[in-house]
Amino acid sequence: MKKTFLFVLMFMALGAIAQEKKIKTPADYIKAAPFKMPAVTPPVFPNRSVSITAHGAKGDGQFLNTQAFANAIAAASKAGGGRVVVPAGLWLTGPIELKSNIDLNVERGGIILFTKDLTQYPIIKASSSSSTFTPASPIYGYDLTNVAITGQGIIDGSGEAWRPVKKSKLTASEWKALVATGGVLSPKGDIWWPSQEAMNGEAYLKKLKAEKPKATAEDYIPARTFLRPHMVYLVNCKNVLVDQVTLRNAPKFVFYPSRCENLIISNATIYNDWNAQNGDGIDISASKNVLIYNTTVSCGDDAICMKSSRGKSDSENDFQLENVVIEDCTVYTGHGGFVIGSNTDGNMRNISVRNCNFIGTDIGIRVKSNAGRGGIVKDIFIDGIYMANIKHEAISFDTYYEDVPAGKSSDSVKTTAQDKVPEFKDFHISNVFVNGAKTAIYINGLSYMPVHDLHFTNMTIAAEKGLDTKFARDLKFNNVRIIPAKGEAFDVKWVNEK
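Counting from 1, position 130 in the sequence shown corresponds to residue 130 in my numbering; the numbering is continuous, with no gaps.
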């Protein structure tokens, strides 16, 4: 009887632990959002699997499987959709174009390795309606419905074949080894380029634009390496899922959905080398109803970033990016852990970031824009952020992210609607704890558009320098403790605080 009672107690305890550690569903995250948000549900696919091996793929790391991937995706699509299976193996390939109702599933032990032969990446339109051209991304899709990249495997974009590298970001021995691989150096010798064409690409495109405004795809070929595609690039897609998979080593941004709706990124690993030029991790651009959770990011630029640009047909009063929930994520390296901007002219609202860890990033929470690319950013809720060893600011609001034309300041630009002036307001930042940063909080507003209505609650930040603020108003601090190594905790200029 006593033994039975002990077993009952044990199972009750285990049940309590299971309840305590209940795995959250997308519905749980959406329900907890601090704003009203539509349901975000994963896409559903037919119970059908097509292996790439059934279409001639070879996983030896030598055979080019571009056609095998295309044939497997086409076969699954023709049958009504389903799972395209990438089994264990090393699968060398060129670009993969996704289709609607396709789940690209990379099984554990499977590695998709994109070729370093850059002639395999054709020049295509940047979207179905675009007049500009870009090299095809390693994985891309336009105007799709129900699409996923899943599984416990790895997708490697061979980004080192595309990216320039700054000498300042390598040790002397690393720089020597890189230069020995080939490529070319910039005239000053401070940047390594993978080819002469890559280094000359910017000048070539400038000349092409001036001499041939209606350039063709073929005209862009000499600038292919310079243009560098994003690794996973989805445009105008609905019902998108990225789950469990590792996405790494991108030519540029790792995962870049633009104008997508109903998007989930879960349990994923997003990686770029810390010195990867323009090597952003996740960039959500002008998208709606987005959920990101249980995901780890390390990258060479902004880690989890929100962007919003207004198209020619978009009203300046609309919000092109809205309803985003980010929770239970970890960021190691990156220019910013959670980032907004720099392009915000499409406006943003309703973003929630909760229970995230930023360790060793350049900046923790980073909000940036400037006159010429700014818009309204409001109703942002950030709660439960734990940071350590932040190189610069723990929290930063900067409306001077990039200078306007030489010789002018942002304050000298005319303030018309066409100037796209950034307005940061109605931020609610709470339960933030930081051990180690250069500056605790940095706010740099415009004289004619101060950063305003920021609410800081329950925060402890230990940094070399305290609060550094210029051109801000209606700042509210409640139970905020700033511990500077030197100087005042609050250095406030041209600010109205409460």
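Hints are computed from structural coordinates only; laboratory data are not their basis. Worth double-checking, as some hints may not be accurate.
[Unchecked claim] Per label pair, the in silico range of CB-to-CB distance:
id: 1; residue 1: 186; residue 2: 448; range: 47 to 53 angstroms
id: 2; residue 1: 481; residue 2: 107; range: 47 to 53 angstroms
id: 3; residue 1: 315; residue 2: 436; range: 29 to 35 angstroms
id: 4; residue 1: 216; residue 2: 488; range: 57 to 63 angstroms
id: 5; residue 1: 458; residue 2: 487; range: 46 to 52 angstroms
[To be verified] Calculated lysine-lysine pairs in the DSBU-like style (CA-CA distance at most 30 angstroms, straight line):
id: 6; residue 1: 212; residue 2: 312
id: 7; residue 1: 470; residue 2: 167
id: 8; residue 1: 465; residue 2: 425
id: 9; residue 1: 391; residue 2: 425
id: 10; residue 1: 116; residue 2: 36
id: 11; residue 1: 24; residue 2: 36
id: 12; residue 1: 420; residue 2: 486
id: 13; residue 1: 36; residue 2: 125
id: 14; residue 1: 425; residue 2: 36
id: 15; residue 1: 116; residue 2: 24
id: 16; residue 1: 207; residue 2: 58
id: 17; residue 1: 166; residue 2: 378
id: 18; residue 1: 378; residue 2: 31
id: 19; residue 1: 188; residue 2: 125
id: 20; residue 1: 420; residue 2: 31
id: 21; residue 1: 24; residue 2: 420
id: 22; residue 1: 206; residue 2: 169
id: 23; residue 1: 470; residue 2: 420
id: 24; residue 1: 58; residue 2: 176
id: 25; residue 1: 420; residue 2: 378
id: 26; residue 1: 312; residue 2: 391
id: 27; residue 1: 212; residue 2: 167
id: 28; residue 1: 188; residue 2: 214
id: 29; residue 1: 209; residue 2: 391
id: 30; residue 1: 78; residue 2: 58
id: 31; residue 1: 486; residue 2: 476
C-beta: ideal position from N, C-alpha, C; glycine also.
- Task: Compare the distance between the alpha carbons of residue 58 and residue 176 with 30 angstroms, and conclude whether the hinted pair is satisfied.
- Result: Measuring from Cα to Cα gives roughly 36 angstroms; hence the hint is violated.
- Message: Between the alpha carbons of residue 470 and residue 420, is the straight-line distance 30 angstroms or under?
- Response: holds, 20 angstroms
- Message: What's the verdict on residue 116 and residue 36, does the C-alpha distance respect the 30 angstroms limit or exceed it?
- Response: The given pair, whose Cα atoms are some 45 angstroms apart, is violated under the 30 angstroms limit.
- residue 312 and residue 391: Cα distance at most 30 angstroms? violated, 38 angstroms
- Task: With respect to the beta-carbon atoms only, verify the hint that residue 481 and residue 107 lie 47 to 53 angstroms apart.
- Result: Since the Cβ atoms of residue 481 and residue 107 sit about 49 angstroms apart, the hinted range of 47 to 53 angstroms holds.
- Given the hint that residue 116 pairs with residue 24, test it: the Cα-Cα distance must not exceed 30 angstroms. Violated. Residue 116 to residue 24 sits at ~40 angstroms, over the 30 angstroms cutoff.
- Task: For residue 186 and residue 448, compare the CB-CB distance with the range 47 to 53 angstroms and indicate the outcome.
- Result: violated, 38 angstroms
- Task: Could you see if the CB distance from residue 315 to residue 436 stays within 29 to 35 angstroms?
- Result: violated, 43 angstroms
- Decide if the proposed pair is consistent with the structure: residue 188 and residue 125, CA atoms, cutoff 30 angstroms inclusive. Measuring from Cα to Cα gives roughly 34 angstroms; hence the hint is violated.
- Regarding the pair residue 420 and residue 486, is the alpha-carbon distance no greater than 30 angstroms? Roughly 38 angstroms between the alpha carbons, so the hint for residue 420 and residue 486 is violated.
- Query: Do residue 216 and residue 488 keep their Cβ atoms within the hinted range of 57 to 63 angstroms?
  - Reply: This hint holds: roughly 60 angstroms between Cβ atoms.
- Task: Assess, step by step, whether the Cα of residue 391 is no farther than 30 angstroms from the Cα of residue 425, and give holds or violated.
- Result: holds, 25 angstroms
Against the hints set out earlier in the document, violations occur for numbers 1, 3, 5, 7, 10, 12, 13, 15, 16, 17, 19, 20, 21, 24, 26, 27, 28 and 29.
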